[in-house]
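Student: If you want the building blocks of each chain, they are given just below.
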Amino acid sequence: MSLIATLARLEAVTTGRAQPAATVRHRHLSERPLVFVPLTTAGEAGAPLGALVGTDRDTPRLLVVPQPRDRDLRFAFLAELADIVLPYIDSYADAVEAAERSETDPETGKRVKVEVELCADAPQLVVPSRAGVDFVRLLGRSMRFRRTAEQDPETPYPAPPRVPLLGRWLTHFGERARVPGSSLLLALTEVLGRHWATGQSSLEDQHLGALLAWIDPPEGSTGAEAALHAELARDDRDQLLCPPAGPATDPAFDNKLLAPAIERYDRARTALAAAEDGLQADDRLGELTAAEREIRELVRSRTLPTWQKVWKGIDLLRELPEGAHVEERWTRDRWSFTGHRDRVVAGEPPQPRRDDAVTAANKLATREREQARLEAQEALDDPLVMAGRRLAGEAFAGEVVDVVMAYSEGKRPSPRPLVTVRTEDRPHLGERAKVFRSLGGKPQAAEFVGQEDEGLLVLRIVDKMGRGKEPEVGSVPEKGDRVCFTLFEHEQRGGAKLPDPEETPWTHGGPPGEQVPEAADSVTEEDML
Amino acid sequence: MTTEAVFDPGTAAARATDAILHDTLHGSARGVVVDSPPGAGKSTLVVRAALELADAGRPLMVVAQTNAQVDDLVLRLAEKSPELPVGRLHSSDADAYDKALDDLPNVRKSAKAAELTGLPVVISTAAKWAHVKADEPWRHAIVDEAYQMRSDGLLAVAGLFERALFVGDPGQLDPFAIVGSEQWAGLSYDPSASAVTTLLAHNPDLPQHRLPVSWRLPASAAPLVSDAFYPYTPFRSGTDHGDRRLAFAVPSDGSGPDRVIDEAAESGWGLLELPARHTPRTDPEAVRAVATVVRRLLDRGGAATSERSPDPTPLTPDRIAVGTAHRDQAAAIRAALAELGVTDVTVDTANRLQGREYDVTVILHPLSGRPDATAFHLETGRLCVLASRHRHACIVVCRAGVGELLDDYPSTEPVQLGTVVKFPDGWEANHAVLAHLAEHRISHRP
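Chains as they are written, first to last, in the working numbering: chain A, 89 to 617; chain B, 236 to 681.
Where hints are given, some of them may not hold.
Unchecked claim - Here are the simulated DSS-like cross-link-like pairs (lysine-lysine), alpha carbons at most 30 Å apart as the crow flies: (1) A/Lys201 / A/Lys451; (2) A/Lys400 / A/Lys451; (3) B/Lys315 / A/Lys198; (4) A/Lys585 / B/Lys344; (5) B/Lys347 / A/Lys522.
Claimed, not checked - Residues from chain A that face chain B, not an exhaustive set, calculated with beta carbons under 10 Å: (6) Val267; (7) Pro268; (8) Lys451; (9) Arg455; (10) Gly481.
Simulated from the structure, these hints should not be mistaken for laboratory data.
Glycine included, C-beta positions come from ideal geometry on N, C-alpha and C.
Bound-form chain A, shown alone (with noise of 0.2 Å):
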C-alpha cells in the first residue's frame, strides 16, 4: 500500500468517514449499465441458485433455480438469463461509427489503414465484487462449450438455443475485466475502494455493506459502528440485515431458511409425479407453486439489498466528474467489444480452455502496458493521485525560478533551455535521469541535470520545442510558471510483434495445430442428482 493510501486510511479511522482516494472518476460508467446480483449453491461450484438482473434499478427481474441440482432447471435459469443478457448486448452490437485501423496487407505485408467498424457505444455489466467477476467467468466457461441440439442432434443434453452464446459473451466480460482499466465488466467494491480510502483492511473493503457504511454512514452513526452493524447484524432470526453481496450465501441463511424450503420443493415434486388422478395433481401442482414460491421470495430477501446497494454505489460514483483518459480507455473497451461481435458473426469457435503460447504472452503485453498506462493517466487526471506519486518520490511538482537558454552542440543547434524549479517534493531523482511534463495532453521530455541547493532542481528541456533554433511561443516553461514533472512515462510504447501461432518456436513447444472444437465439461455423478 502506498503511504498516501496508509494516510487517507489512518485519516478515515479517525474522522470515522472514508477519505475521497481520487478527485475524478477513472472507471466509465455506462448511463444504462446491466447489473447483475448472483447467487451461487454452496458447495457446488457453478450452480446458480439465482440473480437479481436488469439495467432499470426499479424493476429487476428475478430469477431462481429452485432446485439446484436440477440440469433441466439450471438450463432453464441460463436461458431466461441469455434472454434479458444477449438483448442488452445486442442493443449495442448495430450502432457503428467509420473508424481506421492498421493492418498488415497480406499481399505487400505493408501496414495499411484500413476503414472498419466501431461500434458506437459498448454494453456494460456491473457486479457487486471481485466474487461476482469469477462467477461470470465461471459461468461463461460453464456455457460456452455446450452444444444446442440444433448444432448436434445427439448431444445427450443439449442445451437451450442461445445459452452457448451467452457463455462466449461472458467469458469475453471476464477476460476483459482482467486488462487495467477496463470497463466492460465491473466489479463495485473494486471501483469504490478506487476512489475512496476506508478506515478498514482491503479485504473487509470487499464487503460491499461494510464499505458502502464507511463511504455514506447513516446519520449519528460512525463510519466504523456501521461497518460493524453491516457485517454481523441478525434479525431474530439469526439472519443477516445485510446479507453478503454474493455469489456466496451465508451459512444460516443456507441451513435455516433455505434448505427447509429446497426440501419442501422436492417433496412437492415427488409427490406430484406420484400424482393418481388429475384432481390430485392439481392440488399438488399448487403445493410445488407454493413451495417453488417460497425459495423466489428468499432469493429475492438475499438479492435485493445488494441490489440496492450496487445502484447506490452507481450513485456514488457518478457525483464524482470522469476523469479526462477515461473516454480513451472505454475507446478500447468499445474496439474489444466489437472486435467480439466479429468473432460471433464470422462464426468463430468458442474461445478455446487454454489460451496457445502466443495469446498468452500478447495477452501479457498488453495487460502491462495497460497498466503502465492506466498508472500514468489516473495521475495525470487527478492530482490527488499524483501527490501520491509525489509523496512516493516519482513526481515533482514546483515553481519555476529561473530559465536559462542554452543549445545542442552539432551542426544543427536545437534548443536545450536550462529551467530551475524549486519544489518542497522529494523526487529520487538519478544522474541524468528523463523526467516528463504534460505539455497540450503531449509528453515533454527533459533531463535531470543537478540539484543546485535544497529542493533547486535544474533540468533541461529536449524535446517539443519545434523544429526552430529557438523555441515555439509556449513550449518552455517560464519564470514563475507552476510546473509538474513525473519520472514515469505518460505513454507506452508498443512492444515487439510475436510469430504468429502456428509459428510458435520450438523452445514453446512448435505450432499448436489445428484447433479442435472443445467439448463441454464431461458428465460427472454430481451432474446427475
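Given chain A's structure and the hints, the job is docking chain B onto it.
Tutor: Chain B in isolation, oriented as in the chain A frame:
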C-alpha cells in the same frame, strides 16, 4: 583418499567448461543449459563459447537482458579477441550504448540489424532482438542470464536462431510481471515464467550442465550460499580459508559499526543488530547505521589481500556496495551517505545489483523492521543476490526479531496446479541465513 580430498577447483571448473563447449559445438541437441552459481565465471564462459563458435565459422547472435550486460560482453569480447568483428545492435534512443565501445575499431554499432549482417557475432538485448526480422535464422545463439528472461521474451526471439546455449543463475531473482498471471500458472509456456522453465518443460532432454566453482565468493560464504540457496546443486569456492584477507589500518573505536566491521573482516560475515521495532521502510536508524558502517569502512583504511595480487589493494569506495530491497531505501541511504561525505559507493536494489561484484557489501535486511513478511520480501532470489555479491565480507544491518517474524508469517501463496514447486522456499532460506548470521552478531543501540 576420497575425491573430495583431491578436489581441485581449477580442474573441476575446466572439466565442466570443456563438457559445455563440447555439447555446444559438437552436440546434436538444439539447446544446452548451463546453471551458474554466483561468480562462477559465467561471463568468461559466454565469451569463450562466443569466440569458439566464431572460430568455427558459425554466425552467432548473443542475447543479454540489459544494455549494461550487452556492453560489458562486447568489451570482454574485444579484450579477448581485438581482431574479431563484433556487431552491437542497439536501440534508437540517445545514449543507447556505452561510449567506451566507440574506441573499439572492430565493433560496429547500429540500430538496424541489416547493417550488421555478415558479422561473425552480433550482440543485443532481448527487447531489441524481438524487433528484428530475419529471413535466414542464425545458426547459433547464446542467451545470457536466461533465468532472468521471461518466457514471453524467449518466445519473441526464439525464431531467430536454430540452436542456442542458455546460461544463467537459477538462484537469483525470478522475472516478474506487473499484472497478475495466475491465469496461465501451470501451463508449460506460462509467459511470466522464466525462459529456462519453459524451454525445459518442452525439451526435457536437453543437456544440462552446471559450473561447480564460485571464484567470487570466499570460502567463508560459499558453503552458506550453496546450502541456503542451491541445496540440490551445491558448489564450492575457488579459494580456501586464508587465501583472502581483509585488514584495517585504524583500530576499532569500540562502537557497534567498528565491531561489526572487525567481525566481518575476521569471519566474512557480520550482523549489526538494532533493537526490535516496527519501522517505516526507510527506517531512519537502520539507514544511518548502514551509512555509518560504510563511512567507517572507508575511514579505517581497509586493505584487501586476495589470490589476484600479492600486495593488498586498498578498499576504495568503488569496491563497496550497499544493497536494499526497495528503491526508496536505496535513495534514503544514498542521501545519508551524502551527508557523511560519501558519494562513490554503489547503493542499489537487489534487482540492479544482479551480476555485480564487490569486495565488501553492506546490506539492509529485506525483513528488517517489518510487521509482515510478504512474498516479495521472502523471495529467495532477493536474499541470494544480496548475500552473494562480495569477495571478502558481507555486513548485514537488521532489526532484531526477524526470526519471530518468519515464524509468524509462513508463506501463504496459493498452490497452483501443474507448477514446479521451487526449492528452497524463501522462508527456509531466510532461516538458514539468519541462523548463520546469529554467530556473527553485534548488538547495536544507536
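Student: Each of the hints needs a verdict: does it hold here or not?
Tutor: Hints, verified against the model:
This hinted pair checks out: A/Lys201 and A/Lys451 have alpha carbons roughly 23 Å apart, not beyond 30 Å. Annotation: proposed proximity of A/Lys400 to A/Lys451 is violated, straight-line Cα distance about 34 Å (limit 30 Å). Taking the CA atoms of B/Lys315 and A/Lys198, the gap is near 43 Å; set against the 30 Å cutoff, the hint is violated. With a C-alpha separation of about 23 Å, the suggested pairing of A/Lys585 with B/Lys344 holds against the 30 Å cut-off.
A threshold of 30 Å between alpha carbons decides the hint, and for B/Lys347 with A/Lys522 the separation of about 25 Å falls inside it, so the pair holds. Below 10 Å, beta-carbon pairs count as interface contacts, and A/Val267 has one with chain B at about 9 Å; its hint therefore holds. Because the beta carbon of A/Pro268 sits about 6 Å from the nearest beta carbon in chain B, less than 10 Å, this interface hint is met. With a cut of 10 Å, the hint placing A/Lys451 at the interface with chain B holds, because the nearest CB-to-CB distance is about 8 Å.
Taken as an interface hint, A/Arg455 checks out: its beta carbon lies about 4 Å from the nearest beta carbon of chain B, inside 10 Å. Here the hint on A/Gly481 is kept, as its CB sits about 6 Å from the closest CB of chain B, short of 10 Å.
Of the numbered hints stated above, those contradicted by the structure are hints 2, 3, listed in ascending order.
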